[in-house]
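S.K.: Hints in hand, dock the two standalone chains.
Given next are the chains, with one letter for each unit.
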Amino acid sequence: MAEDADPNLNLPEVVEEPIVAEPPDVPLPEMSAEKRAMAIGIAGWAVPGLGHALQKMWGRAIVVFVTVGILVFAGASMRGNVFTSHGNDAFDTLGFVADLGTGIFYFGAQHLERNGADVSHAGGDYGTRFLATAGVLNLLAALHAYEAARGRKA
Amino acid sequence: MRMKRHAAGKRERANGMALNHFQAFLLFAAVISVAFGFLGRRNPSDRVKYILWSFFLFLLVGIGIAWAMFPFSR
Numbered sequence: 002m003a004e005d006a007d008p009n010l011n012l013p014e015v016v017e018e019p020i021v022a023e024p025p026d027v028p029l030p031e032m033s034a035e036k037r038a039m040a041i042g043i044a045g046w047a048v049p050g051l052g053h054a055l056q057k058m059w060g061r062a063i064v065v066f067v068t069v070g071i072l073v074f075a076g077a078s079m080r081g082n083v084f085t086s087h088g089n090d091a092f093d094t095l096g097f098v099a100d101l102g103t104g105i106f107y108f109g110a111q112h113l114e115r116n117g118a119d120v121s122h123a124g125g126d127y128g129t130r131f132l133a134t135a136g137v138l139n140l141l142a143a144l145h146a147y148e149a150a151r152g153r154k155a
Numbered sequence: 191m192r193m194k195r196h197a198a199g200k201r202e203r204a205n206g207m208a209l210n211h212f213q214a215f216l217l218f219a220a221v222i223s224v225a226f227g228f229l230g231r232r233n234p235s236d237r238v239k240y241i242l243w244s245f246f247l248f249l250l251v252g253i254g255i256a257w258a259m260f261p262f263s264r
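These protein sequences, in sequence, are chains A and B. Its first residue numbered 2, the first sequence is counted upward by one per residue in my numbering. Its first residue numbered 191, the second sequence is counted upward by one per residue in my numbering.
Simulated from the structure, these hints should not be mistaken for laboratory data. No residue lacks a Cβ here, since even glycine has one placed at the ideal position from N, Cα and C. Some hints here could point you the wrong way.
Stated by the list, open to error - Some chain A residues near chain B, calculated using beta-carbon distances under 8 Å:
(1) PHE66
(2) VAL120
(3) HIS145
What the hints assert, rightly or not - Below, a list of computed lysine-lysine pairs in the DSS-like style, where the Cα atoms sit at most 25 Å apart:
(4) A:LYS154 to A:LYS57
(5) A:LYS154 to A:LYS36
(6) A:LYS36 to A:LYS57
(7) A:LYS154 to B:LYS239
(8) B:LYS239 to A:LYS57
So that you can see chain B by itself, here it is in the shape it has in the complex (with noise of 0.2 Å):
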């Protein structure tokens, strides 16, 4: 058992970061709108509107093309 753990963290580390599809895309999503959110916006309260709305959007648009294209994965 700690040898297959060994390996599993040896394996990780020379992959690097382990982030499945879902992390990255949220970190990617959360990371982008919080600098369009202070770039776009002046104004604190904007900011966090923006900021939300457009993290939302992202979600939205992401998991709406990765369903529309489900059917042609397989």
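Just chain A, with the same shape it has in the complex (with noise of 0.2 Å):
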């Protein structure tokens, strides 16, 4: 029958064209989303470099891994003082809470410390200020990670 069918009709063309699924329209729920990035946050927290590695931002999260990793190797290196949970006053608490920033180098650290810290000379309060610096990076780091998650410029 379609041998029959007039060849000088204009037909229009049939153009086939991909099928693409379309978003759907229902906005992701909030609280998804906040939550997400408060899982970004605690993944950069844990383990420097991961809430930006998570995002795909490969640079930033290579810089942070290994700026934190830099900072608790020379600090514990340098026998600075790793603080621990038992502290004597307010100062070994913050510098606890400092320390345990860098999420899973503080344990590194504390690894590497195996003579235990020595803060009679300048080398070792040089090393116990690098601890806490890695610690403190690492958390703005985290942050910076987490305030990207949440759709901020970053």
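M.R.: So, in structure tokens, the structure goes:
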């Protein structure tokens, strides 16, 4: 029957368009985006750079991991004080919170310091500052990753 | 001579990494500047400018404070 059809008929050409699934108009629930951002922030704190890596910010992830790692390694190698939760005063507790900011590197620093801290010389004192700075820097990076996950300009 | 060097090496190992004040200061300034540059700027050229400027300011402020404190150090 198709052979009987007049070839001069101007039938519209059928163009096959790829089938693309349209995104649903329903916006993501507010809480799930917030929870995701929180999870990214916590991941960034636990493993330096992971918060950025989860968002495919590879350069920032590597730099955060390396800089926090260098500071922790230098601080522990200089025999800085790695504070524990059994502090004697508020400054020890603050130091513990700052050191804990390095996430898993905190345990690495404890492992590196086999001879214990020695703040009787300047190197040990510098080491203590390096460790605290590493923790605060990592907390700053985790906060940055959290803000980026929430869609703020980063 | 060899014994002296051996003793010094042993002491250094016991004391950990031995950096003088200026080396520790340079290491700190460099590492923090790089971290701030990458976190604070997105464009690569802006990052380089920020890192260099931040490093320079770290040195300037650190040496400035050290210089201001020098008369009281003895």
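S.K.: For this structure, which hints from the list above don't hold up?
M.R.: 1 and 2
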